[in-house]
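Student: This is what each chain is made of:
Protein chains: 2
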Amino acid sequence: MTIGLLLSYDANHQHVVSISIFVAVLCLSVVSGHCFSQSRWTSESAIAILIGCIAGMGILLFSRGKSSHILMFDAELFFTYLLPPIIFNAGFGMKKKQFFHNFITIMLLGGTGVFISTAIIVAGCWWLFPKIGFNGLGIREYLALGAIFSSTDTVCILHVLSQDQTPRLYSLLFGEGVVNDATAVVFFKVFRKINVSKIGGGVAFHVLWDFLWLFLASTAFGVAIGLLTALTLKTFYFGRHSTNREVALLMLMAYLSYVLAELLTLSVILTVFFCGILMSHYAWYNITEHSRVTTRHILSTLSFIAETFIFLYVGMDVFDIEKWKMIDMSVKKIFGLNFILFILVGLGRAAFVFPLCSLSNFISSDAERSMLTLKHQVIIWWAGLTRGAVSIALAYKQFTISGVTWNPLHSTMITSTISIVLFTNLVLGIFTKPLVSLLTHQTQNNNEQQDTFPKEELILPLLSSDKDSTSSSFVLVRRSLSALMETLVHTIHFYWRKFDDACMRPFFGGLAVPVWEPSE
Amino acid sequence: MTIGLLLSYDANHQHVVSISIFVAVLCLSVVSGHCFSQSRWTSESAIAILIGCIAGMGILLFSRGKSSHILMFDAELFFTYLLPPIIFNAGFGMKKKQFFHNFITIMLLGGTGVFISTAIIVAGCWWLFPKIGFNGLGIREYLALGAIFSSTDTVCILHVLSQDQTPRLYSLLFGEGVVNDATAVVFFKVFRKINVSKIGGGVAFHVLWDFLWLFLASTAFGVAIGLLTALTLKTFYFGRHSTNREVALLMLMAYLSYVLAELLTLSVILTVFFCGILMSHYAWYNITEHSRVTTRHILSTLSFIAETFIFLYVGMDVFDIEKWKMIDMSVKKIFGLNFILFILVGLGRAAFVFPLCSLSNFISSDAERSMLTLKHQVIIWWAGLTRGAVSIALAYKQFTISGVTWNPLHSTMITSTISIVLFTNLVLGIFTKPLVSLLTHQTQNNNEQQDTFPKEELILPLLSSDKDSTSSSFVLVRRSLSALMETLVHTIHFYWRKFDDACMRPFFGGLAVPVWEPSE
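Heads up: the protein sequence lines correspond to chains G and X, in order. Mapping of the first sequence onto UniProt numbering: residues 1 to 520, in sequence order. Mapping of the second sequence onto UniProt numbering: residues 1 to 520, in sequence order.
Do not rely on the hints blindly, as some may be mistaken.
Since the list gives no way to pick one copy over another, a pair counts as held whenever it fits inside one copy or between any two copies.
Taking lysine-lysine and the DSBU-like style, the derived pairs with C-alpha atoms no more than 35 Å apart in a straight line are [claimed, not checked]:
1. 193 <-> 234
2. 95 <-> 234
3. 375 <-> 325
4. 433 <-> 234
5. 332 <-> 433
6. 193 <-> 97
7. 375 <-> 97
8. 433 <-> 498
9. 325 <-> 96
10. 97 <-> 332
11. 131 <-> 97
12. 96 <-> 333
13. 95 <-> 333
14. 375 <-> 193
15. 234 <-> 333
16. 332 <-> 498
17. 333 <-> 97
18. 96 <-> 131
Treat the hints as calculated values from the structure; they're not laboratory data.
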């Protein structure tokens, strides 16, 4: 016997069923991920995608292929609830020294790289799609495809590399991932408001200007909120601590940075990322030990759940049967289309990873840190081939209205995006772990040494790299350029450190000496 | 200059503005609550309500009285997102020994009490409303009013009493609050499906039967999910721990218990409450030290945020200007209506607190625990007069459709509920802290002694209360009844303890010896 339902309950019943199934499957993935976490050939993300596929198939069979709306990917949900905690946690848990040391390389790969990759993908699609008889896309849609297939999967990379074993590679790939996502989303936004009739040099300049403005404004805003939080915690909690209030304030301010960035139409990803960095650098030191443990683990748990959620979601979305049914193309043509897209993704990434890494090697001196060897570059190229939830979310934004489309071309683009994401995650993903361990094995010791090196170096006198005695004019030019860059970077670091220790930390928190009584 | 907005963004702009304002005000309340937390005359809840009022007035002035939809109380939001974490945390953080020791009294007050209170409020409204010229409510609406004004504010009580200083009173009032909320919500549900044309003795029986079934089924379901979680954590995390996964699994299973209870149309409050108790009794012992700290604080922080949110919400809701405008009654009549409701609330509570406490005293022996003195009974009566968010949420459910109503009678009922909630929180609230400290001051030492007493007692031989030597027949009857109850309770406790230690704990977790390596 049952109790009478509230009126509004009836309407929500289907919704509650979906949530129940989803949460149960999520629990299952957490447990399965744990069981397979030591495996060499699978990653947790691949397992979550597979479980998602199985669950999706099960639901489809159970509903007799009628409707798959229960599984529909919701781009709003993704950008609103799932991505921010992942990015905030990334900023909060990141090794800041590594990130800022590799700042120039990261900006080259994540910023300039997306320009190059987008250009190649757009040009390639424009040239090749009509050749296999796939016509009908407009220029705005070609541009959107460029942004969609240029955003790498930040999450997947984090699972494959270890921050402790290969900190430099981790920091480079991860930093690139965040900047790359932000850039791709900004491009996507800009492309949507481009006036298609007047495309020229001005547009490229406009895109660049928008990107720079957005980057600086979002960073500054995230930094401001982070500092405000640190100051509030330091001022109000002087001498009297309450774990609940501290944790609550930290979480609420993080969320506030996110909603305000959304309100000010800034880049949410960048704001949240820099807010996380600032909070972990200052605010974290103004709270009790229990609050620190709690904050650290709340954030990484939220991030973990969001990641698992996303991969499950992608897996379940494979059986968006309505879109598959709508495609009126031969299997051969679909295969050709996906092949072209995949090759363009690979080419687009190769076209900026290898040149830009070489440039990065050129402008940094040997003594400072080792070169990015060809092996490193291959890892960077390969690991960044994976396309993830950002691509899918952007594709749904571009080619559907609230997840629904009646245009066969648009359905094809959605299913192609899903196919590329599945292929790069499941097929390429199998080889990523072995490849990375093969390539980093020899260089690991070397790497570890380099990575612990900069710690003391920052306060050592600058410009002491006189080991190399070759003196061709090319090497001389290179050395003087390197020296200039190094001096610049070192000077900034040196004065920042001085300023941070003398002014920022005493004011915002983060001194070695705790500000509260040890008894609390 | 701004960056192009996504299409869907435009539609959400107003929504983002509301959220931003709300989160900012929430941060402000957390900080203000901290500043005033030592004050004798205010409670944090009163401060949150006041800040909510001020913010609501500010928004209303800023929008020039046009629309107050930004502030509308959403009953779904309340029952779906705000109440469950509070109740789960209550179960998780509760002193279980106290709760189960006072189980009979709690069930008397929380279960039977609501019956009595509802009956008095319904009868009183039925008799008095027409006398002041307020006609037009149907029988279903009178019944709903009984349920709406019988649910006490669980949250407010917790702020006033201390679990460490007066554990028995805290446990009684808190336990009553949870059972009371559950009962009131169940009554409300049942009343909504009553066939008004055939009201008779059968209906009362039906309501009782529904309540019992719901109570047992919800408890059993919560217990089952709690045990499943404990077992999963124990089985899968054998020897290899991961804080993120453990915390994630615990939170997801708690959420799953909630959605499944909703799906099975059980009482969400009871399921979540018992799931929390079971998880803290077994599952909590199967996880790492970091996971324990994190879980404990995540839950209490979530609960803290939800509570602050609710009080802010209630405060902001005072200026639901559309409902106030719609009332076509004189100020005198409105005042009379609210006065009647308030007197009925007080009478309804007095009518069950004093008799049922006396009954509870009658069936429990002196040696076991002290009587509930008149002072205790006054505290229980007074503290439970406060009406809170559950009342408001139920009123919105009954008298509006998605927060909107065009019926002046219904608008009047909404504003009366808000007035009673404000009055009991802000005006009565001022005297609660002084009253409690005045009345508990003398009995505190006595109380503490009693409360630590049962610890060893459970394993002592039963039936040893031979202090009293009066021997009138009444006392004899009473003593034998007490002895019977005590024997029953003690026997159950004793065998439960034995069973728990011998079978449950080794299987589900919770042994004194940790199951993981101390190094982790």
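Student: Each of the hints needs a verdict: does it hold here or not?
Tutor: Verification of the supplied hints:
{"no.": "1", "hint": "193 <-> 234", "result": "neither (43 Å within a copy, 54 Å between copies)"}
{"no.": "2", "hint": "95 <-> 234", "result": "both (23 Å within a copy, 33 Å between copies)"}
{"no.": "3", "hint": "375 <-> 325", "result": "neither (43 Å within a copy, 73 Å between copies)"}
{"no.": "4", "hint": "433 <-> 234", "result": "between (43 Å within a copy, 29 Å between copies)"}
{"no.": "5", "hint": "332 <-> 433", "result": "within (31 Å within a copy, 77 Å between copies)"}
{"no.": "6", "hint": "193 <-> 97", "result": "neither (38 Å within a copy, 64 Å between copies)"}
{"no.": "7", "hint": "375 <-> 97", "result": "within (24 Å within a copy, 62 Å between copies)"}
{"no.": "8", "hint": "433 <-> 498", "result": "neither (41 Å within a copy, 51 Å between copies)"}
{"no.": "9", "hint": "325 <-> 96", "result": "neither (48 Å within a copy, 56 Å between copies)"}
{"no.": "10", "hint": "97 <-> 332", "result": "neither (50 Å within a copy, 69 Å between copies)"}
{"no.": "11", "hint": "131 <-> 97", "result": "neither (49 Å within a copy, 76 Å between copies)"}
{"no.": "12", "hint": "96 <-> 333", "result": "neither (47 Å within a copy, 66 Å between copies)"}
{"no.": "13", "hint": "95 <-> 333", "result": "neither (46 Å within a copy, 66 Å between copies)"}
{"no.": "14", "hint": "375 <-> 193", "result": "neither (40 Å within a copy, 71 Å between copies)"}
{"no.": "15", "hint": "234 <-> 333", "result": "neither (62 Å within a copy, 51 Å between copies)"}
{"no.": "16", "hint": "332 <-> 498", "result": "neither (63 Å within a copy, 69 Å between copies)"}
{"no.": "17", "hint": "333 <-> 97", "result": "neither (49 Å within a copy, 69 Å between copies)"}
{"no.": "18", "hint": "96 <-> 131", "result": "neither (48 Å within a copy, 73 Å between copies)"}
Hint violations for this structure: numbers 1, 3, 6, 8, 9, 10, 11, 12, 13, 14, 15, 16, 17, 18, all remaining hints satisfied.
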